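2 protein chains.
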Amino acid sequence: MGGKTLFTPGPVDLLREIREAQTRKMVSHRGNEYRELHEQVVENAKRLFGCGEAFIITGSGTAGVEACAASCIRKGETILVPHNGIFGERLREICALHGAKVISMEFGYGQGISLERIADEIDSAKPSVLAVVYNETSMGVCNKLKEICQYANEKGIFVIVDGVSAIGGHAFNLEEWGAGICVTASQKCIGAPPGIALIGAGEEAIKRIKENKPNAYYLDLKRYIEYNERKETPFTPAVSLLYAVDSALKILLKDGLEERIERHRRAGEYARNELEKAGFGLFAEKGFWSNTVTSFKVSSPAEAESIKKGLEEKYGFTIAGGMGGMKGKILRIGHMGNFKQKDLEKCIKGIVALRG
Amino acid sequence: MGGKTLFTPGPVDLLREIREAQTRKMVSHRGNEYRELHEQVVENAKRLFGCGEAFIITGSGTAGVEACAASCIRKGETILVPHNGIFGERLREICALHGAKVISMEFGYGQGISLERIADEIDSAKPSVLAVVYNETSMGVCNKLKEICQYANEKGIFVIVDGVSAIGGHAFNLEEWGAGICVTASQKCIGAPPGIALIGAGEEAIKRIKENKPNAYYLDLKRYIEYNERKETPFTPAVSLLYAVDSALKILLKDGLEERIERHRRAGEYARNELEKAGFGLFAEKGFWSNTVTSFKVSSPAEAESIKKGLEEKYGFTIAGGMGGMKGKILRIGHMGNFKQKDLEKCIKGIVALRG
Numbered sequence: 001m002g003g004k005t006l007f008t009p010g011p012v013d014l015l016r017e018i019r020e021a022q023t024r025k026m027v028s029h030r031g032n033e034y035r036e037l038h039e040q041v042v043e044n045a046k047r048l049f050g051c052g053e054a055f056i057i058t059g060s061g062t063a064g065v066e067a068c069a070a071s072c073i074r075k076g077e078t079i080l081v082p083h084n085g086i087f088g089e090r091l092r093e094i095c096a097l098h099g100a101k102v103i104s105m106e107f108g109y110g111q112g113i114s115l116e117r118i119a120d121e122i123d124s125a126k127p128s129v130l131a132v133v134y135n136e137t138s139m140g141v142c143n144k145l146k147e148i149c150q151y152a153n154e155k156g157i158f159v160i161v162d163g164v165s166a167i168g169g170h171a172f173n174l175e176e177w178g179a180g181i182c183v184t185a186s187q188k189c190i191g192a193p194p195g196i197a198l199i200g201a202g203e204e205a206i207k208r209i210k211e212n213k214p215n216a217y218y219l220d221l222k223r224y225i226e227y228n229e230r231k232e233t234p235f236t237p238a239v240s241l242l243y244a245v246d247s248a249l250k251i252l253l254k255d256g257l258e259e260r261i262e263r264h265r266r267a268g269e270y271a272r273n274e275l276e277k278a279g280f281g282l283f284a285e286k287g288f289w290s291n292t293v294t295s296f297k298v299s300s301p302a303e304a305e306s307i308k309k310g311l312e313e314k315y316g317f318t319i320a321g322g323m324g325g326m327k328g329k330i331l332r333i334g335h336m337g338n339f340k341q342k343d344l345e346k347c348i349k350g351i352v353a354l355r356g
Numbered sequence: 001m002g003g004k005t006l007f008t009p010g011p012v013d014l015l016r017e018i019r020e021a022q023t024r025k026m027v028s029h030r031g032n033e034y035r036e037l038h039e040q041v042v043e044n045a046k047r048l049f050g051c052g053e054a055f056i057i058t059g060s061g062t063a064g065v066e067a068c069a070a071s072c073i074r075k076g077e078t079i080l081v082p083h084n085g086i087f088g089e090r091l092r093e094i095c096a097l098h099g100a101k102v103i104s105m106e107f108g109y110g111q112g113i114s115l116e117r118i119a120d121e122i123d124s125a126k127p128s129v130l131a132v133v134y135n136e137t138s139m140g141v142c143n144k145l146k147e148i149c150q151y152a153n154e155k156g157i158f159v160i161v162d163g164v165s166a167i168g169g170h171a172f173n174l175e176e177w178g179a180g181i182c183v184t185a186s187q188k189c190i191g192a193p194p195g196i197a198l199i200g201a202g203e204e205a206i207k208r209i210k211e212n213k214p215n216a217y218y219l220d221l222k223r224y225i226e227y228n229e230r231k232e233t234p235f236t237p238a239v240s241l242l243y244a245v246d247s248a249l250k251i252l253l254k255d256g257l258e259e260r261i262e263r264h265r266r267a268g269e270y271a272r273n274e275l276e277k278a279g280f281g282l283f284a285e286k287g288f289w290s291n292t293v294t295s296f297k298v299s300s301p302a303e304a305e306s307i308k309k310g311l312e313e314k315y316g317f318t319i320a321g322g323m324g325g326m327k328g329k330i331l332r333i334g335h336m337g338n339f340k341q342k343d344l345e346k347c348i349k350g351i352v353a354l355r356g
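Going down the list, the sequences are from chains D and F.
Quick note on numbering: the first sequence equals residues 1 to 356 in this note's numbering.
Quick note on numbering: the second sequence equals residues 1 to 356 in this note's numbering.
This is chain D alone, in the form it adopts within the complex:
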């Protein structure tokens, strides 16, 4: 059974209530009991994103991101993709795959993306779409999304947001900020099991989706718009996971979205302070700190491995290593969803104790 407490950047540990929600009796996805469940999840997802329409996709966060790109991108249109990590690179690749003329703006790993840093490129390239990752999970960097969305909105640029590891952990309001479409996934700040992507969409997104003809079937959101009207999904959804997502969203909204974000913010602050005090270098650029993933530098791949392994074996905590080119150079602590502050404290004390 293992029984490690997860401080990975998703999946996260589950509250007993959320975990047990999965065992409710199976129902047909074309019946009234399902429709009630569907409606509740969609309504709560709209509140989470701050927008008028939301979709449920059975799949990972990446499936959700691809659904947005495939469904909203018009063939041949110019899309600016500033990126500073693995998920930004993935977003760039997905946009190109679905017919965009992509202008790629590469930032160094660990560096943040702000309006100031991309405004000139927006002004000169005049893209019709901007696609950006809110919180770059692979680097623990949170980009300055709000000011970017507001500027893009003024210029009539449609913004696709990969909010997978941000929504519920950082402030966001799709309609107020002027974003176009945004994705999150069940196993991150919401605190449910993995397997469901949630998408929030504004009016411009709906228009784009309805007019578009993507090279995608399962991930074509046009079908999800149609079926949302009857409180169903076009394809069989993961009903038992939706019970868990429903439970998790109700807990989140009952506690309060702002309180959930504040809890994530405090966790990030705590992690950074303790790690710095112990002499670890933080990896994310100052001012671009993530509330949900803290990345810190290690001196060698051997140290990375020995901290990860020691934490599992001696303390019972799982954290994550670096992804891609950052493997062996950084470690990442995910503090998302249902984590307990006292476990986070024990986890970080363990890391400090294991340091070479």
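It should be emphasised that the hints constitute simulated quantities derived from the structure, not laboratory data.
No experiment lies behind these values; they were computed from the predicted model shown.
The reader is advised that the hints may include incorrect statements.
Given that identical chains are not distinguished, each listed pair holds provided it fits within a single copy or across any two copies.
Taking lysine-lysine pairs in the BS3-like style, the calculated list, with each CA pair at most 27 Å apart, reads [stated by the list, open to error]: (1) K327 / K146; (2) K231 / K327; (3) K349 / K231; (4) K207 / K342; (5) K101 / K254; (6) K213 / K75; (7) K126 / K277; (8) K25 / K349; (9) K329 / K231; (10) K101 / K75; (11) K308 / K155; (12) K213 / K101; (13) K210 / K101; (14) K101 / K346; (15) K342 / K25; (16) K222 / K314; (17) K309 / K207; (18) K308 / K25; (19) K327 / K277; (20) K254 / K25; (21) K46 / K349.
Use these hints to put chain F onto chain D, whose structure you have.
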């Protein structure tokens, strides 16, 4: 809670053991505990399909079908798609969307597809791929797949099989029969909750997948081949659902795949006999009867509705109506996965009693 017993063509009712498997502690999908789970599901899926490679996709059966089509179809190649229902039409649409020159062969709803009926078209059209639904869920018709696969194999034609509602309920052996790639879904004959598609692939499929460049990211099986080597999936999988699928596959294989198929065959035979005795007309052509979905004719949409509703309210069973153009004309009983014979008997007695 509702508490209806499901005789829908998926999702199916869950055994307590399978349902509770979902509540196991969450683990990281990049750790050893997950790798063990992954390996067991993949190994058991290979036995289920009778082939050397299997993939796990978080998504519905349609996501799995699209993954096969997107990953195996070479742009512009000629694909013959004989079809006799909603899922066959969907398969045709997906093949065309992913770049095939589709030759569509339409059979009447309720009619079966056999080699005899498509051999001339195969010989004259000389397709490089044949895509076919094994068991047409929407009509309760089982096509004669074995002879079709064997003939195609002799001619060097690659066969894509939508086996979603067939695998585990009808005989199948990918390598012995000469099929190329085949999909099933967790919520059908396997008897697990919905949300996971399983794909079985032979050598020719692997070759096609590796060489191909699909317009798909999440559903590009090339990534799944790479990650299978390290017993992982490229994108976060629905870990809690995989616990249930693992449990369900172990139960299935322990009871025996042949016994599982035989149990489905007997259920179909029982349902047909009882319905015919009561004066209902069977919808599927004689000799193309499905082991997993029995479809029967009703005299009017009002009768369809009153039987469905009466069954729910008086007897506590949920069955399915007709899909698309067959709505109000047929009803469908799914007998798949974990159903109990005595419940099936009560369900059919209820249908007979409710008849106008």
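Hints and how they fare:
{"no.": "1", "hint": "K327 / K146", "verdict": "neither (30 Å within a copy, 48 Å between copies)"}
{"no.": "2", "hint": "K231 / K327", "verdict": "between (43 Å within a copy, 19 Å between copies)"}
{"no.": "3", "hint": "K349 / K231", "verdict": "neither (47 Å within a copy, 32 Å between copies)"}
{"no.": "4", "hint": "K207 / K342", "verdict": "neither (46 Å within a copy, 51 Å between copies)"}
{"no.": "5", "hint": "K101 / K254", "verdict": "neither (43 Å within a copy, 53 Å between copies)"}
{"no.": "6", "hint": "K213 / K75", "verdict": "both (9 Å within a copy, 18 Å between copies)"}
{"no.": "7", "hint": "K126 / K277", "verdict": "neither (44 Å within a copy, 71 Å between copies)"}
{"no.": "8", "hint": "K25 / K349", "verdict": "between (42 Å within a copy, 24 Å between copies)"}
{"no.": "9", "hint": "K329 / K231", "verdict": "between (46 Å within a copy, 24 Å between copies)"}
{"no.": "10", "hint": "K101 / K75", "verdict": "both (8 Å within a copy, 21 Å between copies)"}
{"no.": "11", "hint": "K308 / K155", "verdict": "neither (46 Å within a copy, 54 Å between copies)"}
{"no.": "12", "hint": "K213 / K101", "verdict": "both (17 Å within a copy, 18 Å between copies)"}
{"no.": "13", "hint": "K210 / K101", "verdict": "both (21 Å within a copy, 26 Å between copies)"}
{"no.": "14", "hint": "K101 / K346", "verdict": "neither (48 Å within a copy, 60 Å between copies)"}
{"no.": "15", "hint": "K342 / K25", "verdict": "between (35 Å within a copy, 19 Å between copies)"}
{"no.": "16", "hint": "K222 / K314", "verdict": "neither (50 Å within a copy, 38 Å between copies)"}
{"no.": "17", "hint": "K309 / K207", "verdict": "neither (50 Å within a copy, 38 Å between copies)"}
{"no.": "18", "hint": "K308 / K25", "verdict": "between (39 Å within a copy, 20 Å between copies)"}
{"no.": "19", "hint": "K327 / K277", "verdict": "within (24 Å within a copy, 68 Å between copies)"}
{"no.": "20", "hint": "K254 / K25", "verdict": "both (25 Å within a copy, 24 Å between copies)"}
{"no.": "21", "hint": "K46 / K349", "verdict": "neither (38 Å within a copy, 44 Å between copies)"}
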